Each structure stands twice: as C-alpha cells, then as structure tokens.
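Which chain is which? The protein sequence lines are A and B, in order.
Numbered according to our numbering, the first sequence spans residues 1 to 266.
Numbered according to our numbering, the second sequence spans residues 267 to 552.
Just so you know, the hints here were simulated from the structure itself, not pulled from any lab data.
Fair warning: this is a prediction, and the values are worked out from it, not measured in the lab.
The beta carbon of each residue, even a glycine, is placed where N, CA and C say it ideally should be.
Among the hints, erroneous ones may be present.
[Unchecked claim] Label pairs and their computed distance ranges (CB to CB):
#1 B:Ala412 - A:Trp171: 23 to 29 angstroms
#2 A:Leu245 - B:Asp513: 46 to 52 angstroms
#3 B:Thr374 - A:Ala208: 41 to 47 angstroms
[Stated by the list, open to error] Here are some of the chain B residues that sit facing chain A, going by a computed Cβ distance under 8 angstroms:
#4 Ala310
#5 Gly311
#6 Phe313
#7 Thr314
#8 Tyr324
#9 Arg461
#10 Val473
#11 Trp487
#12 Leu517
[Said to hold, decoys possible] To spell it out: a stretch of chain B is covered by chain A in this simulated footprint if at least three of its residues, at any positions, have a beta carbon under 8 angstroms from a beta carbon of chain A; those stretches are:
#13 316 to 322
#14 479 to 486
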Amino acid sequence: MADTNPYVALARAQWRSVFSYRTSFVVDLVSNILSSALDVLTVLVLFRATRTVGGFTLPEGLLVVSLSSLSFALADFVVGNVDHLKTYVRNGTLDAVLVRPLRALPQLLLMDLPIRKALRLLVGLGALIVALNLNDIPWDTSRVVLVVTAPAAGAVLFGAIFVISASTAFWWIDSGEVGSAFTYGGRDFTSYPVPVYSGWFRALFAYALGFGFVAYQPAVTLLGRADPLGLPAWAGFLSPLLALLMTGVAALVWRAGIKHYRSTGS
Amino acid sequence: MDLPDARVPLLSRVQPLREWVTTFGALSWSGFRRYMSYRQATIAGSFTNIVFGFLRCYVLLAVAAGAAGQQAAGYDARQLVSYVWVGQGLFAVILLWGWTELAERIRTGEVTADLLRPVHPVTSYLAADLGRALHALIFRFLPPLAAGALFFDLYVPQRWFTVPLFAVSIVLATVASFLLRFLVNASAYWLHDARGPMTFWTLSSGVLVGLYFPLRFLPDWLTVVLYVATPFPGLMQTPADVLVERDPVPLQWGLVGLQLIWVFLLLGLARLVQHRAQRRLVAQGG
Chain A
1 MADTNPYVAL ARAQWRSVFS YRTSFVVDLV SNILSSALDV LTVLVLFRAT
51 RTVGGFTLPE GLLVVSLSSL SFALADFVVG NVDHLKTYVR NGTLDAVLVR
101 PLRALPQLLL MDLPIRKALR LLVGLGALIV ALNLNDIPWD TSRVVLVVTA
151 PAAGAVLFGA IFVISASTAF WWIDSGEVGS AFTYGGRDFT SYPVPVYSGW
201 FRALFAYALG FGFVAYQPAV TLLGRADPLG LPAWAGFLSP LLALLMTGVA
251 ALVWRAGIKH YRSTGS
Chain B
267 MDLPDARVPL LSRVQPLREW VTTFGALSWS GFRRYMSYRQ ATIAGSFTNI
317 VFGFLRCYVL LAVAAGAAGQ QAAGYDARQL VSYVWVGQGL FAVILLWGWT
367 ELAERIRTGE VTADLLRPVH PVTSYLAADL GRALHALIFR FLPPLAAGAL
417 FFDLYVPQRW FTVPLFAVSI VLATVASFLL RFLVNASAYW LHDARGPMTF
467 WTLSSGVLVG LYFPLRFLPD WLTVVLYVAT PFPGLMQTPA DVLVERDPVP
517 LQWGLVGLQL IWVFLLLGLA RLVQHRAQRR LVAQGG
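This is chain B alone, in the form it adopts within the complex:
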C-alpha cells in the first residue's frame, strides 16, 4: 500500500528572482498610482518649484554676469540656468522633505503590520518610493524644465552619453535620498518621536545637496570633504553637474561612481538599522 502523494503539483518552477521582481513592480506601481490621485497638490507643487526656479535663476545669472569671464565657479550662464531648473525638478523627484510616513507608523505602532509581511521593510518602502519618484519624474520634473526652456537659455549636453548617465544618476540619487530619509525616520524606533532629527534633516539637507547654491561655490577643500565624507552632493548636485557637463569626462563618470558607492553603504546601514530596531521594538498598546 503506497501512501497518497502529498506533493502539491506546481504549474511552473519556483523562480525567486521573477517573484521578487513581480512583487517589487507591484509595490512600485501602487506608489505611482497613489501619487496620481494627488492632482491638485501636484499642480500646486510644480507652481511653487517654478517660482523658486525664477528667483534662483536670476540670482545665479547676476552672479555669473558680475564674475570674471562671465563664469562663476566653473559654470557659464547657460550651465547655471540648467543647473537651477534641473535642480527644481530633481528636488521633487528625490523628495528631500516631508516624508514622515515610517516615523508616524513607528510612533503609532502600525509598523508591526509591515514587519509581518514577507518583504523586507527597506525593500517594500524603497519600491513604493521608486513608484512615487517615477510619477514625480513625469509630473514634477518636466514642468520646471519646460518653464526654464521657455523663459531662459538652457544648456544642451554635448556628449552623447550624458543623458543616459544622467538617468542612472537620477536613479542613484533617488535611492540615496530614500535611504537617508529611511534612516532619519527610523530614529523613531529609539526616540519614539523623530521630530528633532527630522528638523535637522530638513535644515541641513537643503544646503548640503546644493539646492540653495551649487556646492562648487564653496572653498575647494570644503567641497571635497562634502563629496567624499557625506552622501549629500549625490542627491542633487551630482545629477545636475552630470547633465550640464560641469566636469571633464573622467570626473563626470567618477562622480556617478561615488554615488553608487554611497548607495551601497547606505543600503547596508539601513538594513543594519532595521535589523537592530526589530530586536528592540516593543509595539505600544493592545
């Protein structure tokens, strides 16, 4: 007498990579759709980005006009114009400010639901954030760039590989920005309320990524320290510099390489922090 066969017949072979990609894609798509529903906020945000684009553009043009050889910190007028408008668009894509979702979920205890899911929290939040970034790339990056092209003279890239390299640089910038925001939010695991770290993040990130002025305006030694010792320039300064071809070819590629190194370091750190946090997490309430 043979025992009945208890194996479940499989329709297809187990394909871990394929499943992972499908899950990641579905999470990203949900992030994209979520932002599709915030239409008014998208319009309002673009409008504000464009107004600030005008302000920063005129100021930097005045700086270039007053500088020797019409060049300020190695940028000519057109490069500065592109720097400003690309920066205004990127600012929304990398979403520097205003993401407090994880900190809120930790504070309320809802984060326990995330931990029950079969996807690593860093992965699932990253997937959703990339979906959001894709939405921003279409609806928040293009309007300021169009406004800049309409009212000013933009710099047109001369090297054939600049635009693809810029695309890679944007992805790395978005991932790095997400990981840093994740770390700031995750401080709520220890502090319960992440308002303090959040405040310092908002304050320091704006200037350190090059939103207020290109970091190259700073003394050389300080610029080098910021690039090598902190991930911040990789969030906005590097993608913008890549597109306006601020540096010779080797440095242009090297800066993207530096972004890649920082993404790996931050990814490791985020996973480590999440691992430590899970060990000490005590969900509040019942």
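Next up, chain A with everything else stripped away, as it sits in the complex:
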C-alpha cells in the first residue's frame, strides 16, 4: 500500500475514526437530518400565517428554499470543515498541517470527514424534487441545464464564502462567529425570495455578495415568471460565473492568509 495517495489515506483514516464511535455518529447523523428539515419546516410554518411572502406562493417559496438548502448542504459537506480553522490557528495545530508536504486546504478538509452531513444532501434533494413537482414549470433544455447547474454553482459560491470567512482567523483569531454571519447568514438569506429584503441590506447580500443568484434568480427563471426586481431571465444562469469569480477571490484571500500566518508558538 506504499503507493496510496496520501489524501486517500487521510480520508480512510477519518472514515475509520468516525465508525469507531457508533452512538456518537448516529446522534450526529440524526441531528443533521433534523436541522436540515428544520430549515424547510420554518418556511412551511411562516406560510401558515400568510398566502404570499414577498409576492411568492408556498410552492414557489419551497423551490427557493430547496435550491438554497441543497447548495448549502453540498458546500457544507465538502468544505464546511474549514470552519474549524480558528481552533487550529488558536491551538497552533495548523503548524502540523503546514510542515507536511501536502497542500494545506485539502488536508484541513480531510481532517474531519463529515459523513454525518451527507444525509443533509438527501433532505435538500428531496425538497427540490417535491418543489419541482408542485410548481408548473415550462420545461425546456435550458431549464433542465439550469436545475442541474444552479445547485452546483451555488455550492461553489457557498464554498468560497466558507473559505473566505474562515480565513479571517489568520488575521483576527477571536473572530469567533463573524464568519457565520455570511455562511449561515448567506444560507438564511437565500432561503427566501430576494424581494423580501430591501434597501442597502438587499444590495449588499443579493448583488454585492452574489447570494441573490444562488437560489432566487434560478428559481424565477425556472418558474418562467418575471423578476419583480427587474432582472432579466438570463440572470438565473449567472451563478456559475459568479461562483468562479468568488472562488478566485477565496483563493487569493486563502493564500494571503497562509502567508500571513505566524504560529502561536508554545
């Protein structure tokens, strides 16, 4: 087994460690499913009090939240672990990562394989399938492409936000929860149609940070209805471009952070 890819070896070690604490794994698994279901449930509860939220009906709202939920679950599954960076920086554990002849980011991601988060993907996917069935969607080729690319691109965008948020720990060790304002905050923002928000807050989250293009614009385009905020139908297809752009920014921030890192020493 000497030729084994070191990343595969790391992943396999994590896999084994996860399954050696079975009860703990089951608890994590159940709670992850429940927390994903809770996001969708919240939307259902809010729609009990009203017929439309921001001009959107329940099935339309469900499409938005399911696209958001699936994108976020995918990103959280792959790169959500980078959230632990602040602990590694504080404890100086990051040194051990940096001295190995492997790249830092993949190692960090594999340091804790979140198999428990995998089932969240199923919840998101299930919600999306239900939402697609409830809505009367005028299917054509471009819409089929969109329904596949939108969650993937959304996941990449969320992933980039995860990396950028975590990188703040390189400069500000006590940044604590600031990152979650944009990661989990981004998920909450994308769970509802953008017309719900207003003013500079909408401009910042929807357009400057690009969260409006994760779930809302693709949903509007899929439904074939006009965006009340005036963006054209092709705005639904912008998320891959935006995701690429954000990934570039994330890569730059991450590299600058690694260069800036000075061990806490001991």
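Since chain A is already given, all that's left is putting chain B on it; use the hints.
What follows is chain B alone, placed relative to chain A:
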C-alpha cells in the same frame, strides 16, 4: 481554678443570609469580570446577532405584509420588528448555546474541586452565570436593539408595568436557561461525554424557544402544549411577548407566572440531579 476561655470572640453576629449574599455577589462579579476580558468575541458576537436580526426582521415583515390585515399570528409589523431585535439580544443574555464548562469539568475530573467548596455547585454556577448575563445585558442586548431602532420602527410599550415585568421575565428566563444547560451538562456524570445530549439541546432549543419564528405561528394546540408541558417558551418567547404586549394584561402576567413555576421545578430537578450524581461520582485518575 477556672479553665481558660476557649471561645473565639466574634466581631459581629453570625448572619447566614448576609454571608450567602456576599458570596453569591462575589461569584457573580467574577463571572461579570471574566466576560469583560473577551472584548473581541463580544464585538464579533454582536455583529453576527445584528446580521441575523436583519435577515429575520425582513422575513417576518414580509410575512406580516402578505397576511390578512397586516397581522401575522396576532403581531403587527412593529411588534414583529421588536420581537426579532429583542430576541437577538436575549439570545446572548440567556446564552442558549456553547456552555460546556461543567461537562468538561466532569469529563476531566476537575469537578471534584467544585464539590470541595462550601457552596452548592448549582448555586455557585448560577451565581457566575448571572454575572455573565449582566455583562451580556449591557454589551450584547443593547447593540442589536440599537441597530433595530436605527433601521426599523420598534414597538413602544403602552402599559406602565411592561418594562419592569420584562426585567423580571429576563431574570427568570436566564435562570431557567442556566438550569436547563446545567441539566444537559450534568448528563456527563452518567455518560462521561455529554456531546450527544448537547447536540440535541442545540438543535431543539433554538426552535422551541422561538428563535427561528414566534411560536404563536404554530397551530394553537401545539403552542399550548409547548407552553404548559415544556419550559422552552419561557426562555425567549415569553420575555419578548411581554415587551411587545402581544397578549391582554392577565395573560401577560400569567406567562411570567408560568416562567416562575418552571424555574422552581427546574431548580428542584437540578438539585436532585446534583445530589444523585455526587453519590455515584468516581473521580478518574490520580
């Protein structure tokens, strides 16, 4: 020949209550000072609370705008705005998530040092937690409320007794939250590692205290069950409802009374659990 008088002269009479208050106050003050030193974390936490305040506020306003008569589950737009921002502040005061100190001390065996002290563990941890809550009331409750007042229209209480009643309600909510966290942490006496109960606590408490949406949005029968059969609404929903005067006067007072009953029940339970735990505790290591 008289024996020498062995009595120790006392400067003042023994005053158990006074001593208890002094000890409790000193422990609280230490809890307050401890959090004074986490300045960056305080700023970071407030920032995050404010961002989530904006998110929840806009969503609930949209719900109210779409509802019949601009009222959602009995709240008008201003009441919902206040509900959100007061909730974001209260969330830090009651410290729903992230307190694992006792569970850690049980796991490492350090808890034996707590048991040697002449103060009951429930009392000493409660005192420190109230000190922390006072710090949070000043540095974590006010910033989101100020942000809410700056960018939205807050509800101004109409009844003269609402604000004092709200103050009482916050204290009861903090004590109840502490006692529940104490119980979750104390499960480590039996399980050794409280991660499982902690995970379920984090997951269920957020929705059950009314952080994600006001519990009144749920079907009536479910709301009643949650209020009567669980202490959760008393942690956040009740103080917020008291301040925005969601209910007529008798119910407003009644909900605070319900909080009080739950605090007594939880206090008894926490002391019972601690008593049982001490009998079976085996400190690890040497």
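Against the structure, the hints come out as follows:
| no. | hint | result |
| --- | --- | --- |
| 1 | B:Ala412 - A:Trp171: 23 to 29 angstroms | holds (27 angstroms) |
| 2 | A:Leu245 - B:Asp513: 46 to 52 angstroms | holds (50 angstroms) |
| 3 | B:Thr374 - A:Ala208: 41 to 47 angstroms | holds (46 angstroms) |
| 4 | Ala310 | holds (4 angstroms) |
| 5 | Gly311 | holds (6 angstroms) |
| 6 | Phe313 | holds (6 angstroms) |
| 7 | Thr314 | holds (4 angstroms) |
| 8 | Tyr324 | holds (5 angstroms) |
| 9 | Arg461 | holds (6 angstroms) |
| 10 | Val473 | holds (6 angstroms) |
| 11 | Trp487 | violated (13 angstroms) |
| 12 | Leu517 | violated (20 angstroms) |
| 13 | 316 to 322 | holds (count 5) |
| 14 | 479 to 486 | holds (count 4) |
Hints 11 and 12 from the list above are not met by this structure, while the remaining hints are.
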